[in-house]
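Residues 1 to 92 (UniProt numbering) are what the sequence shown spells out, left to right.
Think of the hints as simulated: they come from the structure by calculation, not from any bench.
Errors might be hidden in some of the hints.
Unchecked claim - For lysine-lysine, the following DSSO-like pairs were computed, each having C-alpha atoms within a straight-line distance of at most 27 Å:
hint : residue 1 : residue 2
1    : K59       : K78
2    : K35       : K78
3    : K35       : K59
4    : K35       : K21
5    : K21       : K59
6    : K21       : K78
Please read all numbers here as calculations on a predicted model, not as lab measurements.
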Amino acid sequence: MVQATARHLLVSTQDQCESLKQQIEAGADFAEIAKANSSCPSGAQGGDLGSFGPGMMVKEFDEVVFSAPLNTVQGPVKTQFGFHLLEVTSRS
């Protein structure tokens with residue numbers, strides 16, 4: 001089965017998500033931005049979600065994680081939890 005590792009951050013508004021994405025694309029460290037801004041408990045680990053397979057995350061997440069290029073920031077991705085930025089760090 002395909003497995004991926006990814007990191008993400010979660011915020012409540014699309015505007016905040018887009019602003020954080022711009023900061024990361026301008027050179028800010030994803031992990032530091034996640035620690036400072038993410039409302040998900042994974043933010044304390046820089047957004048690290050560990051390894052997971054298809055169907056283990058919400059549908060919107062899966063669609064990005066199992067199709068996006070590696071090591072590029074994706075989003076905002078809207079889910080029932082809010083707005084996410086995602087970065088797939090590996091897939092096998």
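Here is what the structure says about each hint:
1. With a C-alpha separation of about 11 Å, the suggested pairing of K59 with K78 holds against the 27 Å cut-off.
2. Proximity of K35 to K78 is assessed by CA-CA distance (about 20 Å); at most 27 Å being required, the pair is judged to hold.
3. Of the pairs offered as hints, the one joining K35 and K59 holds, with about 24 Å between alpha carbons and a cut-off of 27 Å not exceeded.
4. Proximity of K35 to K21 is assessed by CA-CA distance (about 14 Å); at most 27 Å being required, the pair is judged to hold.
5. Restraint check: the Cα-Cα separation between K21 and K59 comes to about 21 Å, which is no more than 27 Å; the hinted pair holds.
6. Restraint check for K21 and K78: the C-alpha separation of about 14 Å stays at or below 27 Å, so the hint holds.
Hint check: no violations occur; every hint is consistent with the structure.
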